[in-house]
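S.K.: The primary structure of each chain is shown beneath.
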Amino acid sequence: MGAYDVINSRAARVDASDKVRGRAVYVDDMKMPGMLFGAMLQSPLAHAEILDIDTTAARRLPGVKSVLTSKEAGLVKYGVSPARYDETIFCHDRVRHVGDNIAAVAAVDLDTALEAVSLIKVEYRELPAVFTVEEAMAEGAPVLHEAYPRNLTAEVHHEFGDVEAAFAQCDLIKTSSLVNKRQDAAFIEPPGCIASFDYSGCLTLYSSTQVPHYLQRVVAMVLGLPVGKVRVVKPYVGGGFGPKAGANHMDLAASLLSMKTGKPVKMNFDRKQVFMHGRARHQFFHTITTGVKKDGSIMALKHQCHLNGGAYSSFGIATVYYSGSLLGGPYKLPAMKYDGYRVYTNLPACGAQRGHGAVIARACWEQQLDMIAEELGIDPIELRLKNMMTVGDVTCNHLNMSSLGMKDCVEAVRDRSGWKEKKGNLPPGKGIGMSCGFFVSGAGYSIYRSETWHGTVIIKLSEDGGTALVYTASAEIGQGSDTTFAMIAAEAIGIPLEWVRLESGDTDFGLDLGAYSSRQTLMTGLATKEAGEAVKRQVLEVLSEELGIPVEDMDIKKGVIIFKRETPDITALRTRYIKEHRGWTDNPSPDEPLSFREASRIAFLSRGSIVGTGKYKPPVLGGDHKGATVGTSPAYGCSAQVVELSVDMGTGKINIEKITDAHDCGLAINRTSVEGQMIGSVSMGLGEALFEEVKFDDKGRVLNGDLAEYKIPRALDMPAVEPVIVESDEPNGPFGAKEVGEGAIMPAIPAILNAAYDAIGVRIFELPLKPERVYQAIKQYNQKLAKQGAEEMSSAKRDGNLCTKDAQAIDISSQKMNVKGK
Amino acid sequence: MKKLIRVTVNDVAHEVAVRPNQTLVDMIRYDLGLTGTKNGCGEGDCGACTVILDGTPVNSCLVLAMQADGRTITTIEGVESGEGLHPLQQAFIDKGAIQCGFCTPGMVLSAKSLLDENPAPSEEEIREGISGNLCRCTGYLQIIDAVKSVAK
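Top line first, the protein sequences correspond to chains H and F. Heads up, the first sequence is in the numbering used here, so the first residue is 555 and it goes up one at a time. Heads up, the second sequence is in the numbering used here, so the first residue is 23 and it goes up one at a time.
Hint data in this document are derived by calculation from the structure and do not stem from the laboratory. One or more of the hints may lead you astray.
Facing chain H, according to a computed beta carbon distance under 8 Å, are these residues of chain F, among others [what the hints assert, rightly or not]:
| no. | residue |
| --- | --- |
| 1 | Asn32 |
| 2 | Leu54 |
| 3 | Cys68 |
| 4 | Ile115 |
| 5 | Gly118 |
Pair ranges (Cβ atoms, derived) [stated by the list, open to error]:
| no. | chain 1 | residue 1 | chain 2 | residue 2 | range |
| --- | --- | --- | --- | --- | --- |
| 6 | F | Lys170 | H | Gly978 | 29 to 37 Å |
| 7 | F | Leu107 | H | Asp647 | 51 to 59 Å |
| 8 | F | Asp76 | H | Gly1204 | 38 to 46 Å |
| 9 | H | Ser563 | F | Pro42 | 21 to 29 Å |
| 10 | H | Leu1257 | F | Gly77 | 49 to 57 Å |
| 11 | F | Leu107 | H | Met586 | 28 to 36 Å |
| 12 | F | Glu105 | H | Gly1162 | 49 to 57 Å |
| 13 | F | Glu150 | H | Asn1336 | 30 to 38 Å |
| 14 | F | Glu150 | H | Asp647 | 50 to 58 Å |
Every value quoted in this text rests on a predicted model; they were computed, and no experiment measured them. From the three backbone atoms N, C-alpha and C, an ideal C-beta is built for every residue, glycine too.
Can you make the complete structure from the sequences, with help from the hints?
M.R.: Here it is as structure tokens:
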């Protein structure tokens, strides 16, 4: 603290003034001369052969400018990972889920486009559909994609260390499961785009994307354009959380419609289409077995997971790897075995969402660690501290803990929540629980195999001096990255934040892999720092030439040139600057120190435009096993939470009362933004733990595709949250900084599960913890207690222990993989 | 088939030709060009399109433009006065109550309506007052803080 002039503070966001006035421009706020409006025809059936598509009537409708099907669009396959390209813009032979895309129309207005869509006639032959993992993997089940028998998109089999030998040494071996429900990211801005193809052959695509670079590549590849003729521009984006981290068929269809018509084309998803497009959190079925010694030392982990993936791969191949690999930390774990299966079903595709792949695995394991602690008679926090990795440790699957403030996080939430006084002393119906979390600070490898830089940044000093212009293709999606990079640039150059102007989200500014895997602060941050230092060096070099002072004897701080030894005579330089600014009212007065504004003007006069570039890519990381790349990162964020809650024993309704949340983000660039990410993560985790669930009917149609029936937390649902920022010094991050955006969600669900158990005395292994499920658990528990009581009374062995919480947890989840949103 | 209506929006009188099925949010955004009002769901669930209609906050996606004939509307663009930002807006900036910003205009208008009606709300009343406005980014606590800091 105090070592920095700009970062490690509480800065107002650079975009806040526009956003609070309603002046920030999102994609649907834009319009262009001659703009057309697009609409999509989507499948009403979950699985069907397409026999015929008749667009005649649609084409004849006045006002319709273009109608596209796979005939016009072609069949170039795309997706997220090149290893699993399995989508085309439009279906040609089959539809694989309700909402699958068949055709698109551009017309003079949206009403006409929608009417044209309704005039397209499609003849289907319905096929049997599979909606659950069990149905999809059953013998003789219909196969969605011929290349993937048994509907397995991807399977992973990893073993690190000798798992069986490690289990043989264990005193306690515990197995438990957890199943969640498909989540929706529920960003408030539905995805939208405007594509504009001009007569020089360039396509500009304005899109509410998290990943301008990947979108640019996919659009170029699918539409057969040179990458250099495709420019993706991301205006302000109304939240992403994962599902906006890939090209979607709407971006592609709008681009092609613009190419066909020569006009800009705007398209938007409505809210129901957001649900039909999916790409958010999968439904996971985890079964984990952990072996420990009597003293609580964790020895081995065996983990099996099935993912209900929906109709396309999307991020799924990465998801199924993340589910396994991120259990490698933060505890010392000598041996780990993982078998993961990602399965196609006739539902909208699942993809990545905050805490990608790792959230439910973490919840399953952290609940199990509490069960183990209870059986061993060890405090859950002590069990965790006993097994905690420390800086420099490497996990059995080769993840390197270059910084790890995990112990500080645990101790902070323990002490601030009053854990020691409360744990074990709360009345029935009240509970306290804790959990740890762990996440990457940026994926170690790009989504397509490449030696690419992960981020490049250009900083140009304004030619008249005094302002630094930062250009980055990174994606501000609400998390505050623009402000973070403006702060890093200001700190690196040595000027106030107000002297930095930043433009982002445009592929013309360079290459940045975008906003996913909590990567930008570390990766784009390092590139920004390097670019800032480069312009600073050039300014000082020119001063050195002008004043005859070695560069290392000068510095720039708070916008002023610092002379470390004696102060030279700057009169000649100042006179040159002032002469060029005759009539200006803000010229420096003679007694002022030499300013950055003057120095950067002098530098321009000497060298032309002062431009600094920065770049970052991670070093080679991880092991050499198949899939070793997923889970590697130059750094790891970690977190701990204590949840206090009460349960209405009559209705099963959980009321979260207080959450104490600590996160190690390395050095906090902007403390306000760090806390914002922490509390936002808590909110999303709380929603998933307590009520979020996308439901389908038996035809694969979304039942609750709106924000009334798909419930996300409201202001009334949020408990008090005490955020505690823990700052380790990350050697691989800019100024020691690392992630907070996703890691902070990891402990939320398991801490709630553990607190719920503390309150009601029974474990629940199925999410969400809606009142009905909790009430059933309490009822079964009471019945079991009553039965035990009766038996023990009859054998006259009652020993008075019945009122203690039951270590033999009752498994009340249905435990079958055909649990489809009920 | 369009009909001419008269509305006063942010103290400016407008005459707008609207379609019978056109929603108020559509008219505000696309006819008047006041794009600070956002459309998040089109079904009255998210509150991003909140505007103040004759003193009452409404989801403008659930109001037909024709129903606004002869009435007075405040959108986010009308919250700022000649003297600068409304104290609520400044508090949203200072307290870190803004992330993606898509819910912010609606949130500010709901909070403003609350404070206009009840200048000294309790925390529970603040939570009630903004409970029709969904925010997926912030977890609400900084928004509640911001409103609290302006309340009497």
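S.K.: What hint numbers does the structure not satisfy?
M.R.: Numbers 1, 2, 9, 10 and 12, in rising order.
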